[in-house]
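J.: Dock chain B against the given chain A, drawing on the hints supplied.
So the sequence lines, in the order shown, correspond to chains A and B. Just so we're aligned: the first sequence equals residues 4 to 517 in my numbering. Just so we're aligned: the second sequence equals residues 14 to 329 in my numbering.
Worth flagging that the hints you see were computed from the coordinates, not collected in a lab. Note that CB positions come from ideal geometry on N, CA and C, so glycine has one too. It is possible that part of the hints are untrue.
Partial pick of chain B residues on the chain A-facing surface, computed with a CB cut under 7 Å [stated by the list, open to error]: (1) L96; (2) V167; (3) L171; (4) V273.
Derived lysine to aspartate or glutamate pairs resembling EDC-like cross-links, with alpha carbons at most 20 Å apart [claimed, not checked]: (5) K150(A) / D90(A); (6) K177(A) / E66(B); (7) K202(A) / D186(B); (8) K177(A) / E92(B); (9) K504(A) / D72(A); (10) K349(A) / E311(A); (11) K202(A) / E106(B); (12) K202(A) / E182(B); (13) K341(A) / D473(A).
Stretch-level coverage of chain A by chain B, calculated; a stretch enters the list once three of its residues show a Cβ under 8 Å from a Cβ in chain B [said to hold, decoys possible]: (14) 43-57; (15) 179-190; (16) 259-269; (17) 343-350; (18) 407-416.
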Amino acid sequence: MLKRRELGLAAGAAALTGLAKPGLVRAQARGTVVMAQQAQPPSLDAQVTTAQASRNINLHVYETLFARDEAANPQPDLAEGVDISSDGLTYRFALRDARFHNGKRMTSADVKASLERYGRVGGSAFIMRPVDRIETPDARTVVVRLKEPSPGFIAGISSPRAPCAIIPEEEAGKEASRIEIIGTGPFRFVEYRPDSHVKLTRFGDYVQNTKYEGMDGFAGRKVANVEDIMIRFVPEAGARTAGLQTGEMHILEAIAVPAAQRLRSDSNLQMHEMMPWAFQTLMMNHVMPPMDNPVFRRAMQAALDLEEIMAISTDGLYRMTHGWQHPGTTYFAGDVGKQLYNVNNKDRARALLREANYRNEEIILLGDSSFSNHQAAIITAAEQLRSVGINVRTVITDWPTAFSQRTQRTGWHMWALMLGIEPYEGPYGVVGFFSGHAPVQHARDEVIEDCQRRLTTSLAEADRKKAVADFQARMYDQAIAIKCGDVGIVQATRAQVRGYKPYRIPRMWGITLA
Amino acid sequence: MLKYAAGRLLTALPVLLIVSALSFGIVWIVPGDVAAEMAGPTATAEELARLRERLGLTRPWHEQLVGWYGALLRGDLGESILLRQGVAEAIIERLPVTLALTFLALAIAFVIGTTLGVIAAVRAGKGADRVAMGTALIGFSLPDFWLGLVFVYVFAVLLGWLPTGGYVEFTTDPLGWARSMLLPAGTLALSQMGLFARMTRAAMLEVLRQDYVRTARAKGMPGWIVVGKHALRNALIPVVTVAGIACGVLLGGAVVIESVFSLPGVGRLIVGAIQRRDYPVIQGGLLLTATIFVLVNLLVDLLYAALDPRIRHGRR
Numbered sequence: 004m005l006k007r008r009e010l011g012l013a014a015g016a017a018a019l020t021g022l023a024k025p026g027l028v029r030a031q032a033r034g035t036v037v038m039a040q041q042a043q044p045p046s047l048d049a050q051v052t053t054a055q056a057s058r059n060i061n062l063h064v065y066e067t068l069f070a071r072d073e074a075a076n077p078q079p080d081l082a083e084g085v086d087i088s089s090d091g092l093t094y095r096f097a098l099r100d101a102r103f104h105n106g107k108r109m110t111s112a113d114v115k116a117s118l119e120r121y122g123r124v125g126g127s128a129f130i131m132r133p134v135d136r137i138e139t140p141d142a143r144t145v146v147v148r149l150k151e152p153s154p155g156f157i158a159g160i161s162s163p164r165a166p167c168a169i170i171p172e173e174e175a176g177k178e179a180s181r182i183e184i185i186g187t188g189p190f191r192f193v194e195y196r197p198d199s200h201v202k203l204t205r206f207g208d209y210v211q212n213t214k215y216e217g218m219d220g221f222a223g224r225k226v227a228n229v230e231d232i233m234i235r236f237v238p239e240a241g242a243r244t245a246g247l248q249t250g251e252m253h254i255l256e257a258i259a260v261p262a263a264q265r266l267r268s269d270s271n272l273q274m275h276e277m278m279p280w281a282f283q284t285l286m287m288n289h290v291m292p293p294m295d296n297p298v299f300r301r302a303m304q305a306a307l308d309l310e311e312i313m314a315i316s317t318d319g320l321y322r323m324t325h326g327w328q329h330p331g332t333t334y335f336a337g338d339v340g341k342q343l344y345n346v347n348n349k350d351r352a353r354a355l356l357r358e359a360n361y362r363n364e365e366i367i368l369l370g371d372s373s374f375s376n377h378q379a380a381i382i383t384a385a386e387q388l389r390s391v392g393i394n395v396r397t398v399i400t401d402w403p404t405a406f407s408q409r410t411q412r413t414g415w416h417m418w419a420l421m422l423g424i425e426p427y428e429g430p431y432g433v434v435g436f437f438s439g440h441a442p443v444q445h446a447r448d449e450v451i452e453d454c455q456r457r458l459t460t461s462l463a464e465a466d467r468k469k470a471v472a473d474f475q476a477r478m479y480d481q482a483i484a485i486k487c488g489d490v491g492i493v494q495a496t497r498a499q500v501r502g503y504k505p506y507r508i509p510r511m512w513g514i515t516l517a
Numbered sequence: 014m015l016k017y018a019a020g021r022l023l024t025a026l027p028v029l030l031i032v033s034a035l036s037f038g039i040v041w042i043v044p045g046d047v048a049a050e051m052a053g054p055t056a057t058a059e060e061l062a063r064l065r066e067r068l069g070l071t072r073p074w075h076e077q078l079v080g081w082y083g084a085l086l087r088g089d090l091g092e093s094i095l096l097r098q099g100v101a102e103a104i105i106e107r108l109p110v111t112l113a114l115t116f117l118a119l120a121i122a123f124v125i126g127t128t129l130g131v132i133a134a135v136r137a138g139k140g141a142d143r144v145a146m147g148t149a150l151i152g153f154s155l156p157d158f159w160l161g162l163v164f165v166y167v168f169a170v171l172l173g174w175l176p177t178g179g180y181v182e183f184t185t186d187p188l189g190w191a192r193s194m195l196l197p198a199g200t201l202a203l204s205q206m207g208l209f210a211r212m213t214r215a216a217m218l219e220v221l222r223q224d225y226v227r228t229a230r231a232k233g234m235p236g237w238i239v240v241g242k243h244a245l246r247n248a249l250i251p252v253v254t255v256a257g258i259a260c261g262v263l264l265g266g267a268v269v270i271e272s273v274f275s276l277p278g279v280g281r282l283i284v285g286a287i288q289r290r291d292y293p294v295i296q297g298g299l300l301l302t303a304t305i306f307v308l309v310n311l312l313v314d315l316l317y318a319a320l321d322p323r324i325r326h327g328r329r
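Just chain A, same shape as in the assembly:
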C-alpha cells in the first residue's frame, strides 16, 4: 500500500467523541410502527432488485460495507474503513464487528461470498466487473483486487439502488430470490404476506456502529427504538391517507401533494417535504427521424416551457434546476449548459424547425399512466410542441408497455421518465444511462462515451468532475435529452412518531412512538 485514503472521515471524527467502543447495545424498545407504501416488493433478496418497494424493507434488514450518508456520500457501515492503493487497484477493507440475524458473527468469508454473488445476480452487477479477485487474509479483512482502476467502486457498493448486501456465506450460493432473509441490520425479517404486509422485528443482538453518534443516511448509528415494524401494501392513495388520519398507519412513504396541503394544519400529522427526489426528464430517441438531426432536437428543446411542465406534472412541488447532478453535491457542474435550459422561445423553435427542414413528420410522445408525473409531463409537452407546428401523437400505456417500447429503436421519439436513484447515487448512473452498448437514446455519442470513460477510469477527482461538466455541456448542446427540473415528494407521519428524519426511504431506526 503506497497511500492511505481514509473514506471514513466522518466515522473517525465521531470516534474521537469517545463513542468508539463497539459492542452489543441493547435499548428499551416498544410499540409497533406501521408504514404504508403503494407497491409490494418484487423480491426481498436485496441484491437482485432495484425496486423502491423492496428498498424500503431491505435496508432495515441488510447492511453493506459502505452506505450513503445524509448527503449521499459513501461512509463505512459494515467496514471500519478502506485503504485504497495509489494505483487504484487494491481495496483493503477492515470489517467491524457485526452479527447476522441467525446469530452467526460476520466474517470476511461472508463478505467475499456476498460480493461474488452480487457479481452474478446483483441488480447493478456491473459494479463488480472490474474485480479480478477477492482475498480474505484474516476473518476481519477483505482485499478486493481490480483488473483496472474503478474510482466509482465504493460509490457502487455503497449505493442503495440494488444494495450490495452482505449475507451469510451459506446463503450466497443460492439463486436470486431463493435465499433466507438474513442480514445484519437493526431489524430482522419475520413474515411476508403478499398483497398484505411485511413484518420486521427489532434484532436484539444488533451490533451498533458506535463510531457514529447518530443516524446518518443509510450509515450512522442505527438504534431500534420500536419493537416491530409492519409495512403494509396499500395501492390506493386515498386509503393510505385515510389510514394515516385514523391512526391505523404511522408513516406514509409518500402522500399526494394536494392531500399534504389539505392536511398541513392537522396537529395529529406531520408533513415532511423532500427536495430533490428525482429529475423529471424527457428522453429522446435519436435513431427515429427526424430526431437523428440535432437541429430538430434543439427545436424541441427551445419550444418547451419546462416550468409549465413541472408545475402541472408535480402538483406544484418542484424546483427549476438545469444540472444533471444535484446542486451541492460533489459533481454538480455549475452553470454549464444553463443558457440552453428552459429557453421557452417559440419563435426560435420555429426557426430551428425550418433550419432542420421539418416536413410535418409524426412525432410519438410515449408516456405511462402508472406514474402520474410521466403522463402529465407528456401531455403538457405534446401541447407545447403542437403550438410551434410539430405533428405530435401521444401514446399513453401502462408502465411495462412503455418501458418495453422504449427499449425498441422504433415506435417512439420522446419518453417521459423520472430519474430518482441515479442522480442520488452520483454521476456514474446518470452518465452511464446515455453511454455504453445500449444508451437510452439508441445512438452512441462519442463525446459522451469519452466522458464516461474519463469518469470511470480517472483517479483524480478533478478529472472526473471535468468529465461530468463536459457531459452536461454535451447534453445541452446536442439536446441529447431534456431535463425539465427536480421533483420533490412529501412523506407523512403521525405526530406521535418522534425523531423521524425524512430521507430517500423512511427509516425506522432512531424513531420512537410516543
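T.: Frame of chain A, contents of chain B only:
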C-alpha cells in the same frame, strides 16, 4: 337431474379450453415483461437480457405452450416469478378472501335488493316504490371505486367505526374479520342491489297479476302470506338466474374493491400480476376465475332446473 348436470358440465369443458388458450396467448400479445419490473427503469439492455435468460423468458413460445398444457394436465399452474410460490398455492391462499367478499356482497345485495323489489312491487306507483327504486338506481349508477373511498371517509375517518382497510383472518379474530369485510362487501353489494331490486320488482308485478294470486287473495289469505309464500317463490326464479350473472360481476368488481380496501384476494393478485407481467399468475388466475364463473353458472342452471322441473325435461 344427474344426466342434465353431466351434460351441462361437458359443455363447460370447451369454454375452459378456449379460456386456457386465450390466457396463454394474451401474454404473448401484451408488450413488456416481468424483467422490466425487477430491473427498474434505468436497466441496460444487457442487464435486461441477462435477467430474462435467468427467469426463463427467452424460451420459444411453442416450447412454453407445450409446457403450459403439459403442466395443466398434471394440475400444475406453474410458479409465480415474483412471489417464488406455486400459482395454485398463491391463488388458494387468497381464494377465501375473494370468495368471502363475493358471497357476502351477494348475500347483502340479494337480501336488501329483493326486499326493496318486493316493497316496490307491492306499493307500485306509490312513494315507497319511488324511494326503493330511486335507492336501487343510485346504487346501480355509482362506481364502486368512488363509493368505496366515500365509505372509507365516512365510516373510518369521520365516524371511526370501521377500519380503512386491511384484512383480519377469521380464525384469528372473527369480530375483526367482520369489521374488515363489512365496508368492502357493502360497497361491492350496492351496485348489484339495484339489479336485484329491479328484477324482483318486475317479476313480482307479473306474478301478482296471475290468477292464482287473485284466487289466494279472494280466499281471504293474509297479504304477507300471498306475497311472501306464493308470489315471491315464483318471482324468484328469474332472480336466481340473475344471481349467477351477479356473482360473476361481483367477482370482477372484487378486483377493484380489493385494491381500494387492501384486501389480499385473488383479484389483487391478478391485477398486481398484470401490472408487473408475472405471466404464470396471470395465466393461472384467468383460468381459475373463468372456472369459478363457469361453475357458478352451472350451479345456477342446476338450481334453476330444480326450481322449475320443466327446464330439465326440456319442456320450456
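J.: Now look at each hint and say whether the structure bears it out.
T.: Results for each hint:
no.	hint	in the structure
1	L96	holds, 6 Å
2	V167	violated, 10 Å
3	L171	violated, 10 Å
4	V273	holds, 5 Å
5	K150(A) / D90(A)	holds, 11 Å
6	K177(A) / E66(B)	holds, 17 Å
7	K202(A) / D186(B)	holds, 19 Å
8	K177(A) / E92(B)	holds, 18 Å
9	K504(A) / D72(A)	holds, 13 Å
10	K349(A) / E311(A)	holds, 14 Å
11	K202(A) / E106(B)	holds, 18 Å
12	K202(A) / E182(B)	holds, 16 Å
13	K341(A) / D473(A)	holds, 13 Å
14	43-57	holds (count 7)
15	179-190	holds (count 3)
16	259-269	violated (count 0)
17	343-350	violated (count 0)
18	407-416	holds (count 3)
The earlier numbered hints that this structure contradicts are 2, 3, 16 and 17.
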